[in-house]
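Undergrad: Chains X and Z, in that order, give the protein sequences.
In terms of the numbering used here, the numbers along the first sequence are unbroken and rise by one, the last being 328.
In terms of the numbering used here, the numbers along the second sequence are unbroken and rise by one, the last being 328.
Hints were generated in silico from the structure; no laboratory data involved.
Quick caveat, the model's predicted, so the values are computed rather than measured.
Treat the hints loosely; a few may be bogus.
Claimed, not checked - Take a look, some chain X residues computed to stay more than 12 Å from chain Z by CB distance:
hint, residue
1, Asn34
2, Lys54
3, Gly68
4, Pro87
5, Ser90
6, Gly108
7, Leu122
8, Ala151
9, Gln247
10, Pro269
Said to hold, decoys possible - Here are the simulated SDA-like cross-link-like pairs (lysine to any residue), alpha carbons at most 20 Å apart as the crow flies:
hint, chain 1, residue 1, chain 2, residue 2
11, X, Lys54, X, Val35
12, Z, Lys270, X, Glu183
13, X, Lys270, Z, Asn185
14, X, Lys270, Z, Trp190
15, Z, Lys171, Z, Glu183
16, X, Lys155, Z, Arg291
Just so it is clear, CB atoms sit at the ideal spot from N, CA and C, and this is done for glycine as well.
Protein chains: 2
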Amino acid sequence: MSSPLENARIGIVGATGAVGTLTLRLLSERGFKNVRAFASSRSAGKELPFGDGKLVVEEATPEALRAGDLDLCLFSVGTSRSEELVPHASAGGAICIDKSSAYRLVDGYPLVVPEVNGARALEALERDRIIANPNCCAIPLTTTLKPLHDAAGLKSVHVATYQSVSGAGAKRMEALRAESPAEHNLIMDWTWEGEDSDEESKLRQETQKILELPELPVAPTCVRVPVLVGHSEAIWIELEDDLSPEQAADVLRGAPSVRVLDLPEFPTPKDAAGGNEVLVGRIRCDPTVARGLSLYLSCDNLRKGAALNALQIAELVLAAEPAASRSR
Amino acid sequence: MSSPLENARIGIVGATGAVGTLTLRLLSERGFKNVRAFASSRSAGKELPFGDGKLVVEEATPEALRAGDLDLCLFSVGTSRSEELVPHASAGGAICIDKSSAYRLVDGYPLVVPEVNGARALEALERDRIIANPNCCAIPLTTTLKPLHDAAGLKSVHVATYQSVSGAGAKRMEALRAESPAEHNLIMDWTWEGEDSDEESKLRQETQKILELPELPVAPTCVRVPVLVGHSEAIWIELEDDLSPEQAADVLRGAPSVRVLDLPEFPTPKDAAGGNEVLVGRIRCDPTVARGLSLYLSCDNLRKGAALNALQIAELVLAAEPAASRSR
Numbered sequence: 001m002s003s004p005l006e007n008a009r010i011g012i013v014g015a016t017g018a019v020g021t022l023t024l025r026l027l028s029e030r031g032f033k034n035v036r037a038f039a040s041s042r043s044a045g046k047e048l049p050f051g052d053g054k055l056v057v058e059e060a061t062p063e064a065l066r067a068g069d070l071d072l073c074l075f076s077v078g079t080s081r082s083e084e085l086v087p088h089a090s091a092g093g094a095i096c097i098d099k100s101s102a103y104r105l106v107d108g109y110p111l112v113v114p115e116v117n118g119a120r121a122l123e124a125l126e127r128d129r130i131i132a133n134p135n136c137c138a139i140p141l142t143t144t145l146k147p148l149h150d151a152a153g154l155k156s157v158h159v160a161t162y163q164s165v166s167g168a169g170a171k172r173m174e175a176l177r178a179e180s181p182a183e184h185n186l187i188m189d190w191t192w193e194g195e196d197s198d199e200e201s202k203l204r205q206e207t208q209k210i211l212e213l214p215e216l217p218v219a220p221t222c223v224r225v226p227v228l229v230g231h232s233e234a235i236w237i238e239l240e241d242d243l244s245p246e247q248a249a250d251v252l253r254g255a256p257s258v259r260v261l262d263l264p265e266f267p268t269p270k271d272a273a274g275g276n277e278v279l280v281g282r283i284r285c286d287p288t289v290a291r292g293l294s295l296y297l298s299c300d301n302l303r304k305g306a307a308l309n310a311l312q313i314a315e316l317v318l319a320a321e322p323a324a325s326r327s328r
Numbered sequence: 001m002s003s004p005l006e007n008a009r010i011g012i013v014g015a016t017g018a019v020g021t022l023t024l025r026l027l028s029e030r031g032f033k034n035v036r037a038f039a040s041s042r043s044a045g046k047e048l049p050f051g052d053g054k055l056v057v058e059e060a061t062p063e064a065l066r067a068g069d070l071d072l073c074l075f076s077v078g079t080s081r082s083e084e085l086v087p088h089a090s091a092g093g094a095i096c097i098d099k100s101s102a103y104r105l106v107d108g109y110p111l112v113v114p115e116v117n118g119a120r121a122l123e124a125l126e127r128d129r130i131i132a133n134p135n136c137c138a139i140p141l142t143t144t145l146k147p148l149h150d151a152a153g154l155k156s157v158h159v160a161t162y163q164s165v166s167g168a169g170a171k172r173m174e175a176l177r178a179e180s181p182a183e184h185n186l187i188m189d190w191t192w193e194g195e196d197s198d199e200e201s202k203l204r205q206e207t208q209k210i211l212e213l214p215e216l217p218v219a220p221t222c223v224r225v226p227v228l229v230g231h232s233e234a235i236w237i238e239l240e241d242d243l244s245p246e247q248a249a250d251v252l253r254g255a256p257s258v259r260v261l262d263l264p265e266f267p268t269p270k271d272a273a274g275g276n277e278v279l280v281g282r283i284r285c286d287p288t289v290a291r292g293l294s295l296y297l298s299c300d301n302l303r304k305g306a307a308l309n310a311l312q313i314a315e316l317v318l319a320a321e322p323a324a325s326r327s328r
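Next up, chain X with everything else stripped away, as it sits in the complex:
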């Protein structure tokens, strides 16, 4: 017997990309049965594996998304495409979970990491039903920082990222596979916004919004590394109150979606890849401030950093909204 949640009518827009493909796999694993795949006209008609069967890709047109026969839509497309299509799905009555940066920093749209601010997702149900999924570095960072903030109050954050190429899309993964080791480099393949990259601006502003600490000073440096899957972050935080590394580790051991590693174990992208947790380790005192900690994390940027987080939001809002109210 399937639950109402499993029967929810789900649309995946951008189903053929790296995150879209993984979203389909996660939906199947989690028992969703009523799923449709949408993509550009170029991919329409293609078949995608889904569970034991297949889905035929439909063209993602405003009309199709507006038709009113979807309970929830997950968008894994670029920002301009999201801006174009999300309003139609929303007008058609679907709850929209958008993984682009189109709505993330717009006032009134919740930006949600379920473990951190899940309740904000439900507020969208009273409005135009659009929820934004955060940046792939902001998700593991806030998942880790929220319990520490609740325990001792965050005053500031320094973060250096080590971001895998899958965050830049499937084509960049192919390019890395074709590269010789002598060609491997560390780059900053983002757009410059003043002195920051747009990735650094996102990481700062999204962290402030998700944690609801709009004045929190966040100093990020974002770097792309020649790793296929898994983002890592070296983090230093200053705290209001005393919190020893041991106490911080205990707090994080009790936190959802976090796995604490003790030396000689430490987080690596390889260990994080394919898993659903944020691996956190190297929890030490930061000697530069009176009350500070140093941490290091790794997380699968396609799963918790993208597809899985969006799906967790979907399950949260679908569970909160009675199936009856969806069958309008």
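With the hints as your guide, set chain Z onto chain X.
TA: Same frame as chain X, now just chain Z:
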């Protein structure tokens, strides 16, 4: 006509390794003519290219190094081998420049980056003539921080490293070349000393010693990345006095061995590799403190991070010591 410096009798101990091989190349490029190569018994008798000719590798025995026919010895061997051999070369009258960590943190032995504390190298000439060459991350870090400290006073340092595999030796470079991209990982391949890796302890303590700021709080996180050559560092510093990013860039433009990059240019290991400068860019305000800066650097860890720095020390002390006094 060759200068007395070029006629100095130089010995390279560990001549067959990655740094030793590069040292031979740099010595030849810089006009040194009187060079001998030493290595373990396994490599003795091998021929190594040197300029237009060849050097026959001699076994690095205590007796050979003690014979008194070398003006200066460069050691590119492991710490225990340095501890064993350096005293013999020193007793034989050679100035010893040791790239291992055997002498780096021992009181009374200068730890030298010529641009930062070159004068300290000369003090060794009055003693047992042993000079330590710093860790490959401490060299570019202090080269960059010294002029900023002189301008505005350093209060604290956060640093996340992105270290290439050549820092771990030629075998690890071969291993990376044999790896598929799916195997690439970020690791911490050092020994744990309490909560820090020994690499992090070295970076902290050597930075304090070179800058002669024994109480400077330094918070390092060291990470090995799948890049062949070139170390990078994301750095945040707190300062005593006001120093804008523009002023800091001007200070660094006037600093020796530093090249400042302005956006859209930024330092990369690939651009640093094969060059002799520390590339510094991404100079921004650090929003977490009243007077703080964020920077990012890349440096060839085999050149300025090792062989070149040692050779600069060699040239400094050879120039300071009249050739006559060497011909004892």
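Undergrad: Confirm or reject each hint.
TA: Hints, verified against the model:
1. The beta carbon of Asn34(X) is kept farther than 12 Å from every beta carbon of chain Z, the shortest such distance being approximately 34 Å.
2. Distance check on Lys54(X): its Cβ is at least 27 Å (rounded) from any Cβ of chain Z, clearing the 12 Å threshold; non-interface status holds.
3. No beta-carbon of chain Z comes within 12 Å of the beta-carbon of Gly68(X); the shortest separation is about 43 Å.
4. The Cβ of Pro87(X) lies farther than 12 Å from every Cβ of chain Z, with a closest approach of about 34 Å, so its non-interface assignment holds.
5. The claim that Ser90(X) lies off the interface holds: its Cβ sits roughly 35 Å from the closest Cβ of chain Z, which is beyond the 12 Å cut-off.
6. With a minimum CB-CB distance of about 26 Å to chain Z, Gly108(X) clears the 12 Å threshold, and the non-interface call stands.
7. The beta carbon of Leu122(X) is kept farther than 12 Å from every beta carbon of chain Z, the shortest such distance being approximately 32 Å.
8. For Ala151(X), the shortest C-beta to C-beta distance to chain Z comes to about 20 Å, beyond the 12 Å cut-off, and the non-interface label holds.
9. For Gln247(X), the shortest C-beta to C-beta distance to chain Z comes to about 14 Å, beyond the 12 Å cut-off, and the non-interface label holds.
10. For Pro269(X), the condition that its CB be more than 12 Å from all CB atoms of chain Z is violated, with the nearest at approximately 6 Å.
11. Restraint check for Lys54(X) and Val35(X): satisfied, since their Cα atoms lie roughly 10 Å apart, inside the 20 Å limit.
12. Straight-line distance between C-alpha atoms of Lys270(Z) and Glu183(X) comes to about 8 Å, which keeps the hinted pair within the 20 Å bound.
13. With a CA separation close to 6 Å, the supplied pair Lys270(X) and Asn185(Z) stays within the 20 Å bound.
14. Proximity of Lys270(X) to Trp190(Z) is assessed by CA-CA distance (about 18 Å); at most 20 Å being required, the pair is judged to hold.
15. Under the criterion of a C-alpha separation no larger than 20 Å, the hint pairing Lys171(Z) with Glu183(Z) is consistent with the structure, at around 17 Å.
16. A hinted pair counts as satisfied when its Cα atoms are at most 20 Å apart, and Lys155(X) with Arg291(Z) qualifies at roughly 16 Å.
In summary, the structure is inconsistent with hint 10 from the numbered list given earlier, while agreeing with all the others.
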